[in-house]
Amino acid sequence: MLLNIRNLHVSIEGKEIIKGLDLSVNNGEVHAIMGPNGTGKSTLAAVVAGKEGYEITEGEILYKGKDITDLSPEERACEGIFLGFQYPVEIPGVSITNFMRTAINEQREYKGLKSLTASEFLAKMEDKKKLVEIQSKLTNRSVNSGFSGGEKKKNEIFQMALLEPTMAILDETDSGLDIDALRIVANGINKLRTEENATIVITHYQRLLDYIIPDFVHVLFEGKIVKSGGKNLALELEEKGYEWIKEEVERMS
Amino acid sequence: MAKDKDKIIDKVTGDDYKYGFYTDIETETIPPGLNEDIIRLISKKKNEPEFLLEFRLKAYRHFLKLQEPKWAHLKYPPVNLQDIIYYAAPKKQKEFDSLDEVDPELLDTFNKLGISLEEQKQLSGVAVDAIVDSVSVKTTFQDTLSKHGIIFCSFSEAVQNHPDLIKKYMAKVVPYTDNYYAALNSAVFTDGSFCYIPKGVRCPIELSTYFRINAAKTGQFERTLIIADEGSYVSYLEGCTAPQRDENQLHAAIVEIIVMNDAEVKYSTVQNWYPGNKKGKGGIYNFVTKRALCKGKNSKVSWTQVETGSAVTWKYPACVLKGDNSVGEFYSVAVTNNYQQADTGTKMIHIGKNTKSTIISKGISAGKSNNSYRGLVKVAKKAENSRNYSQCDSLLLGDKCGAHTFPHINTNNKSSIVEHEATTSKISEEQLFYCNQRGISTESAIGLIVNGYAKEVLNKLPMEFAVEAQKLLQITLEGSVG
Ligand SMILES: Nc1ncnc2c1ncn2[C@@H]1O[C@H](COP(=O)(O)OP(=O)(O)OP(=O)(O)O)[C@@H](O)[C@H]1O
Ligand SMILES: [Mg+2]
Chain A
1 MLLNIRNLHV SIEGKEIIKG LDLSVNNGEV HAIMGPNGTG KSTLAAVVAG KEGYEITEGE
61 ILYKGKDITD LSPEERACEG IFLGFQYPVE IPGVSITNFM RTAINEQREY KGLKSLTASE
121 FLAKMEDKKK LVEIQSKLTN RSVNSGFSGG EKKKNEIFQM ALLEPTMAIL DETDSGLDID
181 ALRIVANGIN KLRTEENATI VITHYQRLLD YIIPDFVHVL FEGKIVKSGG KNLALELEEK
241 GYEWIKEEVE RMS
Chain B
254 MAKDKDKIID KVTGDDYKYG FYTDIETETI PPGLNEDIIR LISKKKNEPE FLLEFRLKAY
314 RHFLKLQEPK WAHLKYPPVN LQDIIYYAAP KKQKEFDSLD EVDPELLDTF NKLGISLEEQ
374 KQLSGVAVDA IVDSVSVKTT FQDTLSKHGI IFCSFSEAVQ NHPDLIKKYM AKVVPYTDNY
434 YAALNSAVFT DGSFCYIPKG VRCPIELSTY FRINAAKTGQ FERTLIIADE GSYVSYLEGC
494 TAPQRDENQL HAAIVEIIVM NDAEVKYSTV QNWYPGNKKG KGGIYNFVTK RALCKGKNSK
554 VSWTQVETGS AVTWKYPACV LKGDNSVGEF YSVAVTNNYQ QADTGTKMIH IGKNTKSTII
614 SKGISAGKSN NSYRGLVKVA KKAENSRNYS QCDSLLLGDK CGAHTFPHIN TNNKSSIVEH
674 EATTSKISEE QLFYCNQRGI STESAIGLIV NGYAKEVLNK LPMEFAVEAQ KLLQITLEGS
734 VG
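Sequence lines, in order, name chains A and B. Note that the first sequence covers residues 1 to 253 in the numbering used here. Note that the second sequence covers residues 254 to 735 in the numbering used here.
Some hints here could point you the wrong way.
[Claimed, not checked] Straight-line distance between alpha carbons at most 25 Å, and here's what the computed DSS-like set of lysine-lysine pairs gives:
#1 A:LYS137 with B:LYS606
#2 B:LYS653 with B:LYS575
#3 A:LYS114 with B:LYS679
#4 B:LYS621 with B:LYS534
#5 B:LYS635 with A:LYS51
#6 A:LYS152 with B:LYS679
#7 B:LYS708 with B:LYS425
#8 B:LYS420 with A:LYS51
#9 A:LYS152 with B:LYS708
[Said to hold, decoys possible] So the derived list for chain B, only partly shown, Cβ under 7 Å to chain A, looks like this:
#10 TYR687
#11 ASN689
#12 GLY692
#13 TYR706
#14 LYS708
[Stated by the list, open to error] Chain B is nowhere near these chain A residues, computed Cβ spacing over 12 Å in every case:
#15 LEU2
#16 ILE5
#17 GLY53
#18 THR57
#19 GLU109
#20 SER119
#21 ILE184
#22 THR194
#23 TYR211
#24 LYS224
#25 VAL226
#26 SER253
If you're looking for bench data, these hints aren't it; they were derived computationally from the structure. Every residue gets a Cβ at the ideal spot worked out from N, C-alpha and C, and that includes glycine.
Put together the whole structure using the sequences plus the hints.
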């Protein structure tokens with residue numbers, strides 16, 4: 001099992017946001033997580049990536065069989081965890097090229113590999129640019145600075161392509177994309193799929209799942225996964241909304 | 254959450270000075286103290302002509318009437334001028350034909366700094382006038398330079414070999430009456446650099462001086478004079494780092510630049526003197542008067558500085574734009590960390606018509622440091638159609654440091670345009686997490702962001718200097734996050 005989250009409880013500033021969440025992801029799988037606004041989807045992603053300020057009060061996060069809760073965010077990244085941000089942050093003055101070269105080389109150093117030379121890196125970048133049809137003028141610009149919403153999301157997938165993570169968590173990568181961009185990004189994600197890696201896509205729209213066929217769909221509601229199913233669950237949610245899920249949860253408790 | 258970030262920033266910025274070491278070179282010194290006899294002794298030891306001794310004594314008598322200025326945003330204990338040794342020279346004081354003859358300890362020191370003379374000589378084609386304490390030890394590339402008629406030597410040598418030029422140009426831009434530190438320097442200066450570029454000559458190599466403060470309790474009073482004659486060009490590099498020491502050391506230098514018609518001087522500095530330890534103990538006090546006179550028409554001067562060192566920095570490289578169409582530029586990155594204090598900026602004095610000036614100042618404060626920009630843009634009555642653009646940015650790392658901006662604008666001409674912009678920003682937790690999530694350590698992330706922020710200024714430096722400066726910015730803010 002690649003990722004195994006058991007009975008996870010997470011609080012922010014004393015307020016519990018994740019309330020006993022279980023999730024298992026195997027190599028080669030794609031999972032979709034859906035759920036109403038403010039139920040803890042981004043919180044879950046941030047906790048797995050190791051963001052500070054979140055207190056794990058109970059439970060564990062096992063990645064490749066090991067508890068990662070004591071690892072720093074950069075160590076987790078080097079171990080292959082990638083987070084596609086819902087709101088990518090701007091870093092003025094730092095070009096994407098420079099940023100990604102630093103990232104790749106720090107990850108290589110962690111793994112005991114030699115740094116890529118400038119030309120090796122540029123060749124790799126050219127290759128991956130094609131994958132998400134990203135323009136050269138974008139990679140020369142500062143990270144996310146003045147990017148449109150869609151450009152930011154494309155840039156996240158471009159970075160994922162360069163870093164080749166084992167466990168990618170994509171937080172609403174589809175929102176803000178136009179129809180063509182959605183297809184391009186989804187195709188990019190599909191091309192990056194292997195037997196070894198796994199992807200969690202967090203989304204509000206079943207539309208994305210027409211392109212990226214998930215093995216499992218989960219509903220996250222009030223800090224817990226309350227329902228899991230196949231691709232059809234997404235269709236059902238699209239049709240009926242979340243009201244019936246709420247009722248189901250209430251009936252159960 | 255904020256606390257955790259502070260911890261990281263504290264760690265990253267709480268590092269000790271990387272260049273702290275001390276070279277044991279035998280030095281010849283005179284007793285500490287400041288009086289007319291000492292000044293006469295300095296002048297005699299340096300075998301100076303009568304006019305120079307007269308100048309020193311006049312400066313000293315004027316100095317006695319002055320009070321130490323207190324207007325800067327700086328706090329430091331008073332310096333006892335009587336405790337200072339005003340003259341120290343390496344004992345093995347003679348000219349060298351090759352590096353083999355140079356004290357190996359000294360070469361080792363340069364090697365530690367990554368600026369070995371050998372490397373400089375072989376790889377970068379930079380002529381080096383290395384100053385250890387107050388006397389020049391090694392000057393290279395004289396042959397190439399003399400072919401072009403360029404004079405580049407220590408100030409003392411210039412006094413011996415070109416007294417006419419010294420007499421004609423010295424103290425014409427910064428008179429000894431200029432300020433407290435300038436008067437002090439004029440009285441007791443021991444050495445520095447001298448550079449003369451003849452008419453129409455483009456200096457084929459970057460001229461570079463590495464300064465080091467070395468002997469204990471030796472105040473450093475350097476004097477640099479650069480003259481660019483009509484239609485000439487020179488790029489001049491000044492860089493320095495000092496060994497770690499527990500005592501405050503006063504440094505009061507003067508740099509004068511004179512630029513004639515159609516000539517251009519680029520003056521770049523990377524300053525990395527001992528800033529004191531993490532608790533704010535020790536470090537260099539750096540009170541410098543740097544001024545360029547754009548005397549001729551279409552003349553141009555640019556000051557580029559990367560200031561990372563010293564406990565206290567008081568420094569305002571200025572341009573006096575006297576010639577019509579002359580251009581003055583000031584590009585500065587000033588980093589303060591721990592308990593460092595910097596009060597730095599520039600003065601642009603527009604006197605000629607159609608004169609233009611640009612000021613780009615980037616302050617970076619970390620730890621408990623204070624970083625102030627102080628600038629003056631003055632447009633005289635006759636400076637028609639003059640223009641100034643100023644941009645002063647401050648970047649804060651953590652919340653215990655301070656950034657201050659004191660821009661003064663004084664325009665007396667209606668056809669002139671003066672523009673000023675200022676911003677203050679912080680490195681956010683979100684930015685650091687974004688970098689971390691891609692595998693970049695917090696330390697590298699700060700390096701990336703800081704270098705990105707300072708890029709506009711670093712780009713103005715000559716290539717080999719820019720690389721060194723980039724490293725220096727990172728080192729200054731580094732502390733390896735575990
Ligand atoms: N730093 C924070 N401080 C306080 N509350 C927070 C913080 N971050 C998240 N929350 C709260 O935690 C809850 C879950 O937020 P989260 O961002 O995980 O929701 P989400 O499921 O991703 O929602 P959306 O679909 O709108 O993106 C929300 O109520 C949110 O306000
Ligand atoms: Mg969210």
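Quick rundown of the hints versus the structure:
Proposed proximity of A:LYS137 and B:LYS606 is contradicted: the alpha carbons are some 41 Å apart, above 25 Å. Proposed proximity of B:LYS653 and B:LYS575 is contradicted: the alpha carbons are some 42 Å apart, above 25 Å. Between A:LYS114 and B:LYS679 the alpha-carbon distance is near 33 Å, which puts this suggested pair outside the 25 Å criterion. Between B:LYS621 and B:LYS534, the direct Cα distance comes to roughly 13 Å. Compliance with the 25 Å bound is thereby established for this hinted pair.
Restraint check: the Cα-Cα separation between B:LYS635 and A:LYS51 comes to about 60 Å, which exceeds 25 Å; the hinted pair is violated. With a C-alpha separation of about 22 Å, the suggested pairing of A:LYS152 with B:LYS679 holds against the 25 Å cut-off. Between B:LYS708 and B:LYS425 the CA atoms are separated by roughly 35 Å; this puts the pair beyond 25 Å, and the hint is violated. Between B:LYS420 and A:LYS51 the CA atoms are separated by roughly 66 Å; this puts the pair beyond 25 Å, and the hint is violated.
At roughly 23 Å between alpha-carbon atoms, A:LYS152 and B:LYS708 fall within 25 Å of each other, so this suggested pair holds. Evaluation of the B:TYR687 hint against chain A yields a held restraint, the C-beta minimum of about 5 Å falling below 7 Å. Taking 7 Å as the C-beta cut-off, the interface hint given for B:ASN689 holds, the closest approach to chain A being about 4 Å. Checking B:GLY692 against chain A by beta carbon gives a least distance of about 4 Å; that is within 7 Å, so the hint holds.
Among the interface hints, the one on B:TYR706 holds; its C-beta lies about 5 Å from the nearest C-beta in chain A, closer than the 7 Å criterion. With a least beta-carbon distance of about 5 Å to chain A, the hint placing B:LYS708 at the interface is held under the 7 Å criterion. Remark: the non-interface label on A:LEU2 is consistent with the geometry, its nearest Cβ contact in chain B lying 18 Å away (cut-off 12 Å). Residue-level check passed: A:ILE5 sits 18 Å from the nearest beta carbon of chain B, beyond 12 Å.
The non-interface label for A:GLY53 is inconsistent with chain B: the shortest C-beta to C-beta separation is roughly 4 Å, within 12 Å. The Cβ of A:THR57 sits about 16 Å from the closest Cβ of chain B, beyond the 12 Å cut-off, so the non-interface label holds. Against the 12 Å criterion, A:GLU109 falls within the reach of chain B, whose nearest CB is about 9 Å from its own CB. Here A:SER119 stays apart from chain B, with its beta-carbon at least about 19 Å from theirs, past the 12 Å limit.
The Cβ of A:ILE184 sits about 22 Å from the closest Cβ of chain B, beyond the 12 Å cut-off, so the non-interface label holds. Here A:THR194 stays apart from chain B, with its beta-carbon at least about 20 Å from theirs, past the 12 Å limit. No beta-carbon of chain B comes within 12 Å of the beta-carbon of A:TYR211; the shortest separation is about 25 Å. The claim that A:LYS224 lies off the interface holds: its Cβ sits roughly 24 Å from the closest Cβ of chain B, which is beyond the 12 Å cut-off.
For A:VAL226, the shortest C-beta to C-beta distance to chain B comes to about 28 Å, beyond the 12 Å cut-off, and the non-interface label holds. Taking the minimum C-beta to C-beta distance to chain B, about 32 Å, the non-interface status of A:SER253 holds against the 12 Å cut.
Taken one by one, the earlier hints fail for this structure at numbers 1, 2, 3, 5, 7, 8, 17, 19, listed in ascending order.
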